[in-house]
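For the record, the sequence lines run as chains L and C. Those letters in the first sequence? Residues 782 to 1188, by the working numbering. Those letters in the second sequence? Residues -9 to 142, by the working numbering.
Where hints are given, some of them may not hold.
[To be verified] Covered stretches of chain L (chain C as the covering partner; in silico rule of three or more C-beta atoms under 8 Å from a C-beta of chain C):
id, stretch
1, 910 to 924
2, 939 to 949
3, 952 to 962
4, 986 to 994
[Said to hold, decoys possible] Far from chain L, by Cβ distances over 12 Å, these chain C residues were calculated:
id, residue
5, P9
6, V63
7, N91
8, E97
9, L102
10, D111
Everything labelled a hint here was simulated from the structure, so no lab data went into it. Ideal Cβ positions, reconstructed from N, Cα and C, are used throughout, including at glycine.
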Amino acid sequence: MSADESSLRNAAAIVAIGTHVVGPEQERISSLELQLQACREAMRKAGIDRRQVGAVFTSRAPMSYTAMEWNMRIINELKIVPRLSSEITVHGAGALGTWQYSAMAVANGLVDYALCCSGCMGRRWVDLVKINAAVEADLQFEAPYHPTTPSLYALWAHRYIHEFSVPAEDRAQIAVENRRWAVRHPDAAMRPKGEITVDDVLASPMIASPLRLLDCSSWYNGGFGGAVVITTAERAKEFDRPVYISGFGQCTTHEWITDRMGLWGIEPAVEPNLNTTGAKVAAEQAYRMAGFSPGDVDLAETSAPFTFLNMMMLEDLGFCAKGEGKDFVRGGGVAFDGGLPFNTNGGYLSFGQAPNGMHMAIEALQQLRGEAPGKQVDGARRALVHFHGGPAAAHSVVLLSHEEAIA
Amino acid sequence: MSEAWDVNWSEGLVLMMGPYEMGLTETSPETEGYWAGVRRGELMIKRCQDCGDHLYPRRIFCPRCAGDNLEWVQARGRGRVYTFSTVYRAPDRSLPVPYTNGIVALEEGVYLFGRLTGKPDEEISIDDPVQVEFASVVEGQPRLPVFRVVAQ
Chain L
782 MSADESSLRN AAAIVAIGTH VVGPEQERIS SLELQLQACR EAMRKAGIDR
832 RQVGAVFTSR APMSYTAMEW NMRIINELKI VPRLSSEITV HGAGALGTWQ
882 YSAMAVANGL VDYALCCSGC MGRRWVDLVK INAAVEADLQ FEAPYHPTTP
932 SLYALWAHRY IHEFSVPAED RAQIAVENRR WAVRHPDAAM RPKGEITVDD
982 VLASPMIASP LRLLDCSSWY NGGFGGAVVI TTAERAKEFD RPVYISGFGQ
1032 CTTHEWITDR MGLWGIEPAV EPNLNTTGAK VAAEQAYRMA GFSPGDVDLA
1082 ETSAPFTFLN MMMLEDLGFC AKGEGKDFVR GGGVAFDGGL PFNTNGGYLS
1132 FGQAPNGMHM AIEALQQLRG EAPGKQVDGA RRALVHFHGG PAAAHSVVLL
1182 SHEEAIA
Chain C
-9 MSEAWDVNWS EGLVLMMGPY EMGLTETSPE TEGYWAGVRR GELMIKRCQD
41 CGDHLYPRRI FCPRCAGDNL EWVQARGRGR VYTFSTVYRA PDRSLPVPYT
91 NGIVALEEGV YLFGRLTGKP DEEISIDDPV QVEFASVVEG QPRLPVFRVV
141 AQ
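Let the sequences and hints guide you as you build the complete structure.
Put into structure tokens, the structure is as follows:
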């Protein structure tokens, strides 16, 4: 809420993207190699040498490659000697948080270039279903009752549906729309399965009430490594199609969902609730910093792994009012034909959940650069990216602009 | 994974890194009073002796008044279902399904997570009144607080 947060508006830009995708049918590699290949490509595309990288921000260690000092594992391989580096570890929100810290570092003249990376081959090495339930639940006060990850998020879902009378059909529609984008993206996990209908979602087996199979994301059965190089707006002019960081925000409310009900007296929990997440606070800051509003956003990418949470995010990210997500969706708000382009690679629901979500952030950059691997959104100039982690516990929002949108 | 829960949490769980002990996942004497209560069949929560607020059993100081004179008190064990989810796909396929977990709003104002019983899973709803009891959620394992749905 500082008075000069707008000083960071468009002060930094992403000037190179590196990706490394291992598809479901390809041989597995380590999560370390996955991230390093992405870093290598990003640095090569930026045309910078390891000596020019002043800051390195990584997300937390991948669940498939435990290391106490993940950031050091990365710089050790790259032989970078950063003067500013850390793991940004607000759960899954940290992977996008790396861009925020980089923007602050370059905008304040601390370093010329920052390198960010994340990515995980998770499902090919470990049982993410079991591990993640242990990560998302309080080991003492929740885990002994054997909650699953969907069943913890479902605690939000039941309250949200109860308080705003949200029909299952409207939630299902989001899965249907996400799938339409996925069948057009070469790397989407659900591409071979084709399009689905609302009836398909409602007929799919119950996983954790009220969430059915097609209300849930699946873990990406491969790996998606993503890296970017970030520099100042001034230096970015020398690069091909830079994407400007117009605004950003972050908000974390709890570690475990039961303890979220012990929070009060501060947004987004002035009263204890399970209907509004920290994404609202993070997005409000991002819009203030960027100086534009949700109506100016050409496409939005979220990290929501369940249909109901996508609907809550449409509210918390400002695309409709609280409780009106169902009307927004029913009215075609995220329709593949004519709605807000939303999760344009298929999202967590149909691209798959590739920890920690870099596929969503990279998709936004590719759209703004006019090089989307799937369906390109015509004339995309501004994008919103939302990452989160924990049972809707930690949220990062970044607003991105094409150079034509910042003049 | 399930056998790991038969543990005195006040001593924590040792995290192994290869053959070496890397530390404790939880070193929490501050919750020992809760688990001692569970062994006696009493649901214990914390209370701030300075402002009187009842607190989640993890709390080390009072977030309302910042006092650290906390005491263990026995909860009445009555409350209402705030939210819930019935699990049809368990993390461990050996666990019998379905089962229902939820967050209960205790009369003291503290919210706790636990197993919901006393009604067929598909009939449990938000605002159902509950009463704590102690039962094994997996056969042969130690008793835990569970919340039985009772008549209004």
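Hint by hint, here is what the structure shows:
1. Check on the stretch 910 to 924 of chain L: 10 of its residues sit with their Cβ under 8 Å from a Cβ of chain C, so the three-residue criterion for coverage holds.
2. Residues of the stretch 939 to 949 of chain L with a Cβ under 8 Å from some Cβ of chain C number 3, which satisfies the need for three, so the listed coverage holds.
3. Coverage of a stretch by a chain is defined here by at least three residues with a beta carbon nearer than 8 Å to that chain's beta carbons; for the stretch 952 to 962 of chain L and chain C the count is 0, and the condition is violated.
4. By the rule of at least three residues with a Cβ nearer than 8 Å to a Cβ of chain C, the coverage given for the stretch 986 to 994 of chain L holds, with 7 such residues.
5. At roughly 15 Å from the closest C-beta of chain L, the C-beta of P9 (chain C) stays outside 12 Å, upholding its exclusion from the interface.
6. The Cβ of V63 (chain C) lies farther than 12 Å from every Cβ of chain L, with a closest approach of about 16 Å, so its non-interface assignment holds.
7. Consistency note on N91 (chain C): stated as away from chain L, yet its beta-carbon is not over 12 Å from all of that chain's, at 5 Å minimum.
8. Interface exclusion of E97 (chain C) from chain L stands, the closest Cβ pair being 15 Å apart, more than 12 Å.
9. The non-interface label for L102 (chain C) is inconsistent with chain L: the shortest C-beta to C-beta separation is roughly 7 Å, within 12 Å.
10. With a least CB separation of 8 Å from chain L, D111 (chain C) falls inside the 12 Å interface cut-off, contrary to its annotation.
The structure is inconsistent with the numbered hints 3, 7, 9 and 10, although it conforms to all the rest.
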